[in-house]
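K.L.:
Please work from the sequences and hints to get the whole structure.
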Amino acid sequence: MTEPGSCDNLLKAAFPVIVQGDAICGESSHFLVPKNLLPAITRYLHTQPSLRGRLTLIWTCDHRPVRDTYGLHYLFTLETSHHWVLLSSELAGNDRHFPSITPHVHAAKWYEREIRDMFGLIPEGHPDLRRLVRHEHWPKGTHPLRKDFPWNRVLGQQQGEYHFRRIEGEGVFEVPVGPIHAGIIESGHFRFSVAGEPIMQLELRHFWKHRGVEKLFEEQTLIGAVPLAERVSGDTTVGHSLAYCQAVETLLDLQVPRRARYLRALFLELERLYNHLGDIGAMCNDTAYALAHAHCGRMKERIMQLNDRLTGSRFLRNVIRVGGVTRNIENRQLTALVDELNRIQPDFSEVGAIIFANASLTDRLEATGVLDQQTAWDHAVMGVVGRASGIDCDLRRDRPFAAYDELPVNVALYRYGDVRARLRVRGDEIHESIRLIREIRAKIPDGPVANETSCSPKPGDWTLSAVEGWRGEILYMVMAGEDGRIHRCKVRDPSFVNWPAIQWAVPGNIIPDFPLINKSFNLSYAGNDL
Amino acid sequence: MFRIIKKSLKIGVVTGQYRGEEKPLLPVIPEAKEKATLFKRSLAIREVDTGSCNACEMEMNALLNPVYDVERFGIHIAASPRHADALVVTGPVTVNMERALKDVHKQTPDPKIVIALGDCAIDCGMFKGSYAVTGPVERHIPVDIRIPGCPPRPAEILNALSELRKPTV
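If you're matching them up, the sequences are chains A and B in order.
Counting along the first sequence from 1, when you hit position 485 you're at 485 in this note's numbering, and nothing is skipped either side.
Take any residue in the second sequence, count from 1 to its spot, add 1000: that is its number in this note's numbering.
FYI, nobody ran anything at the bench for these hints, they're computed from the structure.
Where hints are given, some of them may not hold.
Pulled from the structure, derived: some chain B residues nowhere near chain A, Cβ distances all over 10 Å [unchecked claim]: (1) 1004; (2) 1029; (3) 1033; (4) 1043; (5) 1055; (6) 1091; (7) 1163.
Derived lysine to aspartate or glutamate pairs resembling DMTMM-like cross-links, with alpha carbons at most 20 Å apart [said to hold, decoys possible]: (8) B:1102 to A:161; (9) A:109 to A:378; (10) B:1102 to A:136; (11) B:1040 to B:1163; (12) B:1007 to A:347; (13) B:1128 to A:378; (14) A:35 to A:114; (15) B:1010 to A:214; (16) B:1010 to A:340; (17) B:1007 to A:350; (18) B:1006 to A:350; (19) A:35 to A:95; (20) B:1128 to A:219; (21) B:1007 to B:1163; (22) A:458 to A:68; (23) B:1112 to B:1069; (24) A:458 to A:95; (25) A:458 to A:483; (26) B:1007 to A:340; (27) B:1128 to A:114; (28) B:1010 to A:483; (29) B:1010 to A:114; (30) B:1006 to A:347.
The C-beta atom is built at its ideal place from N, Cα and C for all residues, glycine as well.
P.N.:
Laid out in structure tokens, this is it:
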């Protein structure tokens, strides 16, 4: 049951009223769906054993001033074929209500709350309609992504209080943590309910760092918005700028030269390397094993200095551009890079051996923060966290982009879903990235590194793009506006999906283990809050 | 144990292996140095993120790795603003973080130094004017030192911090 056509037929047989729309971007099916059928169809897609669709993205678009409608779009990825199924619906005129799919598809929970905050559309039947992005002090009726909301409006203030889920009973108490944390970490609030040592419940309160990124995109041109995409989440500079550029290139019908596609893959792997090295060190540090932290910090610094020498930026900023890459990396530089990585790899293997030979360390890692496969599936978790919980997905293999169609990737997969599994996934991916960079060096063709175009897309054209960043799937939906501007840009960092799942990995653990679990997820607050 | 010792001997000392010639792009003003003399040879820093893209945090973290090893200069990161001599603020101040920033500033005992780290903290960078951003750090609390860059390299941060601790005159 993996043929794309068969999925279309199944859906059409089950729901004769739906209409097949134009296919968008690569392997995908597109259906126009009446809004009252949304819960039934999404439930069917999600639960039907031969389909098993994983909710990948929900986005809304305000079509004003062209049409007085809101578009609702639901993107699912089928489990075995990795085929995309997109369901679209519209709310016309003054209609502000749409049926919530959260009761059947848990993963939709935050998306629908976000839509309510940003557009003022109400998901009917949603079990939790508290504010998400807009904190309580935002005045009523402020919905920033509506077209009648100016991007630079100064917000007023109102009184209000966020009501956390409460557990009551003898000996139960709450521990608030954040938004400002004890280490050098980003801002976010965690509310623990504990009875004795073990955590009974964790509730997240995020979006402290909401900067209005999606609205700022609408003030940019298609070509000029790359620096903004780079700053969505600083540690995923390449992932975000690449996902954005790919979307724009599809809109402009612009081919990227082969050498540039290889260089893009190279930069993405370098980003994966330094982040994974840093994460492994930080996880060891949270078990108070400072030695491994120091070694990993040293290796991470080596790679960041390498980035600096190659491109002039430690974070690989200003490297990806629409149409290719901004600078060529000479073949002799690539050889020097591979030589350096050849020295780092045995260095890392030795540190890995030291880490796993330390019983007091592995004892902290094993069976801590378990996210089981079913919970991970229900919340549509992916990326490093998903692969540690047995969710076998990696866009580099499943929907190849950049040069990955010519570079087969071995995907690391572990089943136990504990901190140790997440550490092992990262360790394996470090070796895999170094192998990939060697392969890139061997296969990279000569030629130009960027193409130009003078054409501009039709207003209203839109496309989707997906990149496997080091955290997981990064998705961009870009819709062109008038004069080469952006009408709407939906950004989805993997953190937005994986944050709610952490709430299910924590109960039963003790509070001192929370920093370790959090570090093993290592999600971005900036990419989540936008 | 033998393995660990062998590894340490093989690697040797890596501290200081970075390009250190970067001078601070903005000079540290004498008033700030004057303030810092009180802290003598130690400086406890509290880092506050008010909406950065997390690259600045990463570079602050890099200061603690063995290559830069900021603690050799007596600078360390305090876990609470009440233990801090200096606040390092990154990112444009978002509407949601404005109150938290003011609270932290109030909680930090006087005298204190406020360091705005990165372009966003200095003038909001790319996020200037957004409905969700209320302005640069200095709009909310007085800023003593500015370290520009997007993000500034660790060597540049280290340079500014050591400038601060050089005696005036």
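K.L.:
Does each hint fit the structure? Answer for all of them.
P.N.:
Do the hints match the structure? See the list:
{"no.": "1", "hint": "1004", "in the structure": "violated, 6 Å"}
{"no.": "2", "hint": "1029", "in the structure": "holds, 25 Å"}
{"no.": "3", "hint": "1033", "in the structure": "holds, 24 Å"}
{"no.": "4", "hint": "1043", "in the structure": "holds, 15 Å"}
{"no.": "5", "hint": "1055", "in the structure": "violated, 3 Å"}
{"no.": "6", "hint": "1091", "in the structure": "violated, 7 Å"}
{"no.": "7", "hint": "1163", "in the structure": "holds, 21 Å"}
{"no.": "8", "hint": "B:1102 to A:161", "in the structure": "holds, 19 Å"}
{"no.": "9", "hint": "A:109 to A:378", "in the structure": "holds, 11 Å"}
{"no.": "10", "hint": "B:1102 to A:136", "in the structure": "holds, 18 Å"}
{"no.": "11", "hint": "B:1040 to B:1163", "in the structure": "holds, 13 Å"}
{"no.": "12", "hint": "B:1007 to A:347", "in the structure": "holds, 9 Å"}
{"no.": "13", "hint": "B:1128 to A:378", "in the structure": "violated, 39 Å"}
{"no.": "14", "hint": "A:35 to A:114", "in the structure": "holds, 18 Å"}
{"no.": "15", "hint": "B:1010 to A:214", "in the structure": "violated, 49 Å"}
{"no.": "16", "hint": "B:1010 to A:340", "in the structure": "holds, 17 Å"}
{"no.": "17", "hint": "B:1007 to A:350", "in the structure": "holds, 8 Å"}
{"no.": "18", "hint": "B:1006 to A:350", "in the structure": "holds, 10 Å"}
{"no.": "19", "hint": "A:35 to A:95", "in the structure": "holds, 11 Å"}
{"no.": "20", "hint": "B:1128 to A:219", "in the structure": "holds, 12 Å"}
{"no.": "21", "hint": "B:1007 to B:1163", "in the structure": "violated, 35 Å"}
{"no.": "22", "hint": "A:458 to A:68", "in the structure": "holds, 19 Å"}
{"no.": "23", "hint": "B:1112 to B:1069", "in the structure": "violated, 23 Å"}
{"no.": "24", "hint": "A:458 to A:95", "in the structure": "violated, 27 Å"}
{"no.": "25", "hint": "A:458 to A:483", "in the structure": "holds, 9 Å"}
{"no.": "26", "hint": "B:1007 to A:340", "in the structure": "holds, 18 Å"}
{"no.": "27", "hint": "B:1128 to A:114", "in the structure": "violated, 23 Å"}
{"no.": "28", "hint": "B:1010 to A:483", "in the structure": "violated, 60 Å"}
{"no.": "29", "hint": "B:1010 to A:114", "in the structure": "violated, 52 Å"}
{"no.": "30", "hint": "B:1006 to A:347", "in the structure": "holds, 12 Å"}
Hint violations for this structure: numbers 1, 5, 6, 13, 15, 21, 23, 24, 27, 28 and 29, all remaining hints satisfied.
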